[in-house]
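Asks: Here's the letter readout for the chains.
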Amino acid sequence: MRRRMRGIAVAAIALTSVLSMAACAKDNGGSSSGSANNNASGGCKLADKPPVAGAGTSSSSAGEKVDGSALKVGLAYDIGGRGDASFNDSAAAGLDKAKADFGVAEVKELTAAPNEAEDAKQTRLRQLASEGFNPIIGVGFAYAESLKVVAPEFPNVKFAIVDGAVDGAANVTPLVFAEEEGSFLAGVIAAYQSKSCHVGFVGGVKIPLIQKFDAGFEQGAKAAAPEIKIEKKYLTPAGDFTGFQEPTKGQEAAKGQIEAGADVLYHAAGASGKGVFSAAKSANVKAIGVDSDQYHQTTVADSKDVIVSSMLKRVDVAVYDFVKAVAKNDLANFPKVFDLKVDGVGYSTSGDKIDDNLKQVLDGYKSQIIEGKIKVTDKPSS
Amino acid sequence: MNPSEAPATVPPPRKSRRLPGWAVGVLGVAGAVVLLSTTSYLTGVPQLTSTGTIQTAVRLALPILLAGLGGLWAERAGVVNIGLEGMMIMGTWGAAWAGYQWGPWAALVAAAVFGALGGLLHAIATVTFGVNHIVSGVAINLLGAGLTKYLSTLVFFPLSHNPRESPAVPKFDTYSAPGLSEWLGDLEAQQRVGLSDVAGILRGLVTGVSPLTMLAIALVVGSYLVLWRTRFGLRLRSCGENPVAAESLGVNVYRHKYAAVIASGALAGIGGAALVLNPGQPGYLEGQTNGRGFIGLAAMIFGNWRPGGLLGGAALFGYADGLQLRSGGKTFLALVYGAVLLLAVIVVWQLVRRRWFAAAGGIVAAVALYAVYYSVDEVPSELTTYAPHLVTLIVLAVASQRLRMPAADGVVYRRG
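Protein chains in written order, with my numbering: chain A, 1 to 382; chain B, 1 to 416.
Among the clues, some could well be false.
So the derived label-pair ranges between C-beta atoms look like this [claimed, not checked]: (1) Asp-343/A to Gly-103/B: 42 to 52 Å; (2) Glu-182/B to Lys-45/A: 29 to 39 Å; (3) Val-411/B to Pro-152/A: 53 to 63 Å; (4) Val-138/B to Pro-152/A: 30 to 40 Å; (5) Ala-332/A to Tyr-150/B: 41 to 51 Å; (6) Met-214/B to Thr-377/A: 41 to 51 Å; (7) Val-34/B to Ala-165/A: 49 to 59 Å; (8) Gln-401/B to Pro-152/A: 34 to 44 Å; (9) Ala-360/B to Val-149/A: 48 to 58 Å; (10) Ala-165/A to Val-411/B: 32 to 42 Å.
Straight line, CA to CA, 30 Å or less: simulated BS3-like cross-link-like pairs of lysine-lysine [stated by the list, open to error]: (11) Lys-330/B to Lys-195/A; (12) Lys-149/B to Lys-304/A; (13) Lys-158/A to Lys-65/A; (14) Lys-149/B to Lys-222/A.
Beyond 10 Å from chain B on every Cβ pair, some chain A residues (computed) [unchecked claim]: (15) Leu-46; (16) Ala-70; (17) Asp-119; (18) Lys-148; (19) Lys-222; (20) Thr-242; (21) Gln-245; (22) Gly-250.
Because the hints were derived from the structure by calculation, they are not lab data.
Built from N, CA and C at the ideal position, the CB exists for glycine as well.
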């Protein structure tokens, strides 16, 4: 008897839950957050436009024939390696181009494993050096410590390191970028695209490298629209590098900023940026990508129509130029920093979200930065 | 003989238990709501109880809840499952592999199967071969990470051109209670004391709900019913309390342990699917579980090896994480104020019970926290990120006397 009662009770519970689920309305589009209703102001009060830039001066001398057939180039990737759709891939693209253009004799690529010991990186570099590869490029600041040890052991090998520098090692060329200058332009784009005069920045990990993006973005946005409001969030504090691969957290942080009123989001959060894009997509606001032209990345193809631009960090240009400089034996004239002047950073226009007016404004700011009239800081104000 | 009538375990001697478990749960929830709305009113920070925050909390809590539930099943049968993380990772891979081809429901099933395979391995090692549970669990964590890395290079690389990522996986549609959400939304917007807070919390729970959330809640309730209200559950728990006695009464201990650990793996796998099917990510991403299996284990211990407590633990992690991600240190500071209020209530309670020492400790802590609240504008992000972990530590330190794990948890049992 009791058992039957229990059975009836279970059936009743099951029925009610089915019914209540059927009564639930399906959300279409998922615009659950109230973001669209605060755009009444119709944009920022913009600052005066910068003077229109003169004719573009390109520093790279095209059409020059460089022979690299004597070179054996070694590339040590950071975690992810070729195919990460991020800066490892960008380095690979530069290497491929150099190989094709200069006829490099041999190329060897090795990839780091996640959470590997420091020794493993040293071994990798030593292996390349003792096999006669020269130059050798370490992709990522993770190689800085290892290069400090390995570079003095091979004084005749020319090393380079992306995103880092090694003090006191003359044969290590730093390939560093002026991310703050590219981010400045991203800030200008955000200010011109924002309807609510409120933009957001999502950083992956609170380290100086990412704070450069933050600082440039803030300065650029404020230069274009002095009254603009900026939301900022770093996903994890320094030391916890998971902030670069947590799209879930990226999404939640972005949602928070969107609900606070931001309608253009810029991220410097690696893979977590995918979450920023999907949050932007579901709330129908805009986003700016980072490092490479994210509009064309297959993994974010679903939300690419919200990507108005990407801040480009041309690791490929740096790798290509470094191989070229070594081939010409001309490292003395190698740029110290890959900035706007040498097209080491920039912005993408894929998707045609940037109109001619904005392009002109961006060119104006760009030339002012190149001429030194605007100094972009690499430390955020707060 | 009717084993379902006789309690197999004798709870430790306690002063008469006045309230049943569900009442404690209801009181706890009500207390938390009152505390949050009071804090939100006194500090003027509406985000504490806003719809968005609650939705975020639910999304972030989901994988932790499912992993913790997996831990509950295994540990109730006496097998420590530190391999939850590895089973979750297998679940993420399975979910992405089936999901991009056949949709989210297939993703769920595949994730459960892959997680269960991990569980099966753990069961074979620990139950049949008597391997130390921790050793086997650690091995499964390593194996899960390595295997999925190999498989994703093999299967996903040709599709996504990235060995660490799967192609995009279609997500569940979300559902809202019609009428109710809008009504609660209006109520929330009016910013009335208390009422709007409750409305915000409720609206967060009934708006944009994924079927996965409903499933997870159903699994919590289902786990409770199966483990505490059926014959099978009683036998299973008896294997975790005293397997020798259970065996002597004719319970097939090995079989029950197998069932429990496989179910544990399946639940952890679904937890992995909850990550893959989260609207924020395209699909599988190497390292995306990021220690959530271990957090799930912590949530389970926080909840005293009970489904209701586990739900509370997961909610705490999700809420604290969501709050700091969405609104950052300033809002979090309001929570510090809330902690002061909570401590004040506890102090009064301890004074009523004439526990002078505990009350004094509470006062000191409350004053210290209030000083923090008064002196800083923003809780540093280094602290907010680890706040849930800190709270768990405090709870474990304060309540460890009252926590009671299954008596034979982690003990290797040989059939005698």
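Asks: State for each hint whether it applies.
Replies: Each hint, compared with the structure:
no.: 1; hint: Asp-343/A to Gly-103/B: 42 to 52 Å; in the structure: holds (44 Å)
no.: 2; hint: Glu-182/B to Lys-45/A: 29 to 39 Å; in the structure: holds (35 Å)
no.: 3; hint: Val-411/B to Pro-152/A: 53 to 63 Å; in the structure: holds (55 Å)
no.: 4; hint: Val-138/B to Pro-152/A: 30 to 40 Å; in the structure: holds (39 Å)
no.: 5; hint: Ala-332/A to Tyr-150/B: 41 to 51 Å; in the structure: holds (46 Å)
no.: 6; hint: Met-214/B to Thr-377/A: 41 to 51 Å; in the structure: holds (49 Å)
no.: 7; hint: Val-34/B to Ala-165/A: 49 to 59 Å; in the structure: holds (55 Å)
no.: 8; hint: Gln-401/B to Pro-152/A: 34 to 44 Å; in the structure: violated (58 Å)
no.: 9; hint: Ala-360/B to Val-149/A: 48 to 58 Å; in the structure: holds (55 Å)
no.: 10; hint: Ala-165/A to Val-411/B: 32 to 42 Å; in the structure: violated (55 Å)
no.: 11; hint: Lys-330/B to Lys-195/A; in the structure: holds (26 Å)
no.: 12; hint: Lys-149/B to Lys-304/A; in the structure: holds (27 Å)
no.: 13; hint: Lys-158/A to Lys-65/A; in the structure: holds (21 Å)
no.: 14; hint: Lys-149/B to Lys-222/A; in the structure: violated (44 Å)
no.: 15; hint: Leu-46; in the structure: holds (28 Å)
no.: 16; hint: Ala-70; in the structure: holds (32 Å)
no.: 17; hint: Asp-119; in the structure: holds (19 Å)
no.: 18; hint: Lys-148; in the structure: holds (27 Å)
no.: 19; hint: Lys-222; in the structure: holds (20 Å)
no.: 20; hint: Thr-242; in the structure: violated (5 Å)
no.: 21; hint: Gln-245; in the structure: violated (5 Å)
no.: 22; hint: Gly-250; in the structure: violated (7 Å)
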